[in-house]
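*Asks:* Letter by letter, the chains look like this.
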Amino acid sequence: MARDVDRQVVVLDVNGERAELFVPVHKTLLEVLREDMQLTGTKHGCELGECGTCTVLVDGKPELSCLVLPVQIEGRAITTIEGMASGSELHPLQQAFVELGAAQCGYCSPGILLAAKSLLESNGAPTREEIREALAGNLCRCTGYSKILDAVELAAGRVLPTVSGEVARRAGGGPGVKDDDAHN
Amino acid sequence: MTMPTTESSNGFSVIGKPFPKPDAVSKVTGRAVYADDMLPARTLHCRILRSPHPHARILSVDTSAARRMPGVQAVITGADLPIKFGILPVTQDERALEHEKVRYVGDPIAAVAAIDEEIAAAACDAISVEYEVLEPVMSIDEALAETKDERIQDYGGPNNIHKLVALEFGDVDAGFERADHVREDVFFFQGNTHLPMEQHSAIATFVDGRVTLWSSTQVVHYVHRALAKVLELPMNRIRVIGAAHGGGFGGKTDPFAHEIIVCKLAMLTGRPVKCTLTREEVFYAHRGRHPVLMWVRTGVTKDGLITAMHFKTALDGGAYGSYGVASTFYTGALQTVTYDIPAYRFEGCRVFTNKPPCGPKRGHGTPQPRFALELHLEKIAHDIGIDSVDLKQRNFVKPMTRTVNWLRITSCGLDECTERVLTASGYRTRQKHSIGSILNAAPARRRGRGMGFAISSYMSGAGTAIYWNDMPHSEVQIKVDRGGVTAYCGAMDIGQGSDSVLAAIVAEELGLQPRDIRLVTADTDTTPIDLGSYSSRVTFMAGNAALEAARKMRDMLVEAVAAKTGIPADTVTVVAGRIGDLSFEEASILAEARFGTLTSAGSYTPPKIAGPYKGSGVGPSPAYSYSACVVDLDADPRTGIVKVNKVWIAHDVGRAINPLLVEGQVEGGIYMGLGEALMEEQAFRKGLHKWPSMLEYKSPTFMDMPEVETFIVETVDPEGPYGAKEAGQGPLLPVIPAVSSAVFDALGVWIDEVPVTPEKIVEALRRKEKGETPRFGPVRFPSIPYPTCIKVEPPSKELDRASAASI
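If you read the sequences in order, they're chains A and B.
For the first sequence, position 97 matches number 97 in the numbering used here, and the numbering has no gaps at all.
For the second sequence, position 537 matches number 537 in the numbering used here, and the numbering has no gaps at all.
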């Protein structure tokens, strides 16, 4: 390298896999995930902590990866969108997003899905208002948020059968979509 | 491959059912590949040096220091890309890099390709540019006045006027004479921007003498054309591929400088070159909603029937043409497709200012006049003591008619849409409350609670292409091979679900399910032309092309099965994965044996429906969608803060091919309309954007979005695929005037300016208390040197179906 850039070895636990990286100390977690680990499912909307698009989970809690340096979170469990499904089995939130059309352009979806996952893990039966509050830091320009709210309620209801009949009816769409179906 | 399914009550197996989108799983698992997700080996990163001045001459550009920086592989300036381009043939006024003059803060001047983004940015900082700063022109009034230094562009005029339009249909003066009441109003609609979650991104390679570009564009074909022109390469040596798309809303419809620049840098370096705009750059790239000042004068009879309308607009266009000529016409074109206006005069003007260029945003040029028109009619109803909904309904256009400006209306669900939202919202009952009916036991309405009603219409694709040509607007090819079906189309899925529409139509016709259809879309090498995702054209145009191609393929499959089994072809059923008694795969093998390679093609060309006058190309569409909307809100009389409680909307989509996606488009349109109505502003101070970040540029969050009740109205258009029209743009339009009407209903003040902010409400209330006009908004419309109107004889109003296709 031509420039004097401080580099440091960091050991990250991402989606249950240990990764040892030698990266410039000023690189954000967002940049390291995308550029050094090829985990491009984490998106960027502003890189200033304003839009929520780059949300990942750190020890199960949402963090904006554009505002976190890898050295800050060594040894903690990082979950990105790539780690949300179990193999080819979608997480109930992902399944609900697919069925209800909660992802249009899909660019904000990874961040919103992870924020919603964190919510459901601490509150299995959130009210619609609680969902709004939990996701208020994530912007979406396509959906008007309506289908996202419906999808989070649907996913919550499948774990705890409190979902309203209306949301269940609107799920429609026939049999569940398995991961491989969309890539045949 | 296909699970048998029973046909639904509408007679279709797929159409009308809520299917997940073909790419839904890749999007929720983070595997959809957007342009910035691509990082081929040896990729260079590009940054662009942009003007810090709104208006300046470039005296010199010195890149020597940048070129010497380690890690810098190439530096280019305007001398490397001198050829001008632009989306419209009449306004080829942009350069990928300017070397003579900059016209807004953000105009590109030089570009660097380096081994990483930080070096590229540092190299941009090392480029020294000498400017002669010119007086900037920052408002419509300044643009109309004599220029202090020099004009922004060297065409148009006088002064900084870009385009003037003056059209008159029927005898407007006689219409006003016939009126019992005439009213004039002035309105202003502030500009706002698309704010897609994905920043524009493009990556190019140059291999074997061929350029390949992946871009987050809405229109691969127009980018292809611009690249061929500026790079001086034949189109067959350029390939443009639409990457997974992170949101457009019109903002990625122009060809952009960065798309051309990465191609040039890839050609120079022989390496992949990527450029992703920063969020701040996206605000300056813009091409969003024009700020428009509007003056409207309408005459009505004592019963509220419109006798004549005169509409004047002044658009603040920013520094370049972009789609501006079309935008100017659009501010006057679609008033007539909702209300029967027997005599109509339109005068439009677009000016250049030293701001980022404006262009098309969802509703392109029509939300501004729709806002003005709906509020203006509310006020007229108020003046003459007629219920505003009644007044509007009395003037609704009818199906199978032609408007005074020669627009052809086929299906029209205005009446049904209106009834649906009025009934569901209780709007009329509320009206009774407000006049204190003692018959109703409901509690008296509290001050600050209000409801507003508005309607709108939008095109299902522009009836004419952006550049003159006789080719189809959309083409689809289908290949069937050993039971596998692939559909090829140039249409670009920007998240709205155009791929889903293609899959649904091909599946329906071939008796399959959408997931059985493989799609290849938005790739200029492998897919036939489609003019892209703008003007709500894809469902109608690509849909009709897909329908034709699929029916041809079905005919071949049926013929092969009939020949083999001896059953008459017209009795062979195609449903649930079977062609007659054979499986789809067996049938496809028979057909391939009979016909050879199984391919079919379909195309769509809109009917020639433009009127016989210059400028008639903007406005015609093969079909118009219709919407009606009621907004319920609370407006705090102390703070002016508005809280929207609920929105009811009914949308005449013609036919919902996939109701799940139609609802998604409608809800997204309402959301975007609320953002424009209440908070979004693209405003400038000394040439700089006031709020070029997602925190400062306010847009609605999860907490701001109200509950929405959507009604899909199906009028089954005679020419749409299965009767479908559009859903992507129309539903935004009525939301904005309905918000302002609801504020009047709540507080008795008119906010004649978008966005309807708390400050404006408080100021209007203050004026009301002082006994002044209870209103906030512009008070004058400037004197504009419009030319003499081109007088156009209106067509006969009735439209019989036989002559519908060509008037």
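A hint or two may mislead.
Claimed, not checked - Ranges of calculated distance between the beta carbons of each label pair, as one might list FRET restraints:
1. L695/B <-> R128/A: 47 to 53 Å
2. L21/A <-> K698/B: 35 to 41 Å
3. E130/A <-> D481/B: 35 to 41 Å
4. S139/B <-> G75/A: 36 to 42 Å
5. T429/B <-> R128/A: 46 to 52 Å
6. S122/A <-> V133/B: 55 to 61 Å
7. G596/B <-> E35/A: 46 to 52 Å
8. E130/A <-> K643/B: 48 to 54 Å
9. E35/A <-> D125/B: 19 to 25 Å
By construction, these hints were calculated from the structure, which means they are not laboratory data.
None of these values were measured; they are calculated from a predicted model.
Ideal Cβ placement from N, Cα and C applies to all residues, glycine included.
*Asks:* With reference to the structure, classify each hint as holding or not holding.
*Replies:* Status of each hint after checking the structure:
no. : hint                          : in the structure
1   : L695/B <-> R128/A: 47 to 53 Å : violated (25 Å)
2   : L21/A <-> K698/B: 35 to 41 Å  : holds (38 Å)
3   : E130/A <-> D481/B: 35 to 41 Å : violated (51 Å)
4   : S139/B <-> G75/A: 36 to 42 Å  : violated (57 Å)
5   : T429/B <-> R128/A: 46 to 52 Å : violated (26 Å)
6   : S122/A <-> V133/B: 55 to 61 Å : holds (56 Å)
7   : G596/B <-> E35/A: 46 to 52 Å  : holds (48 Å)
8   : E130/A <-> K643/B: 48 to 54 Å : violated (19 Å)
9   : E35/A <-> D125/B: 19 to 25 Å  : holds (22 Å)
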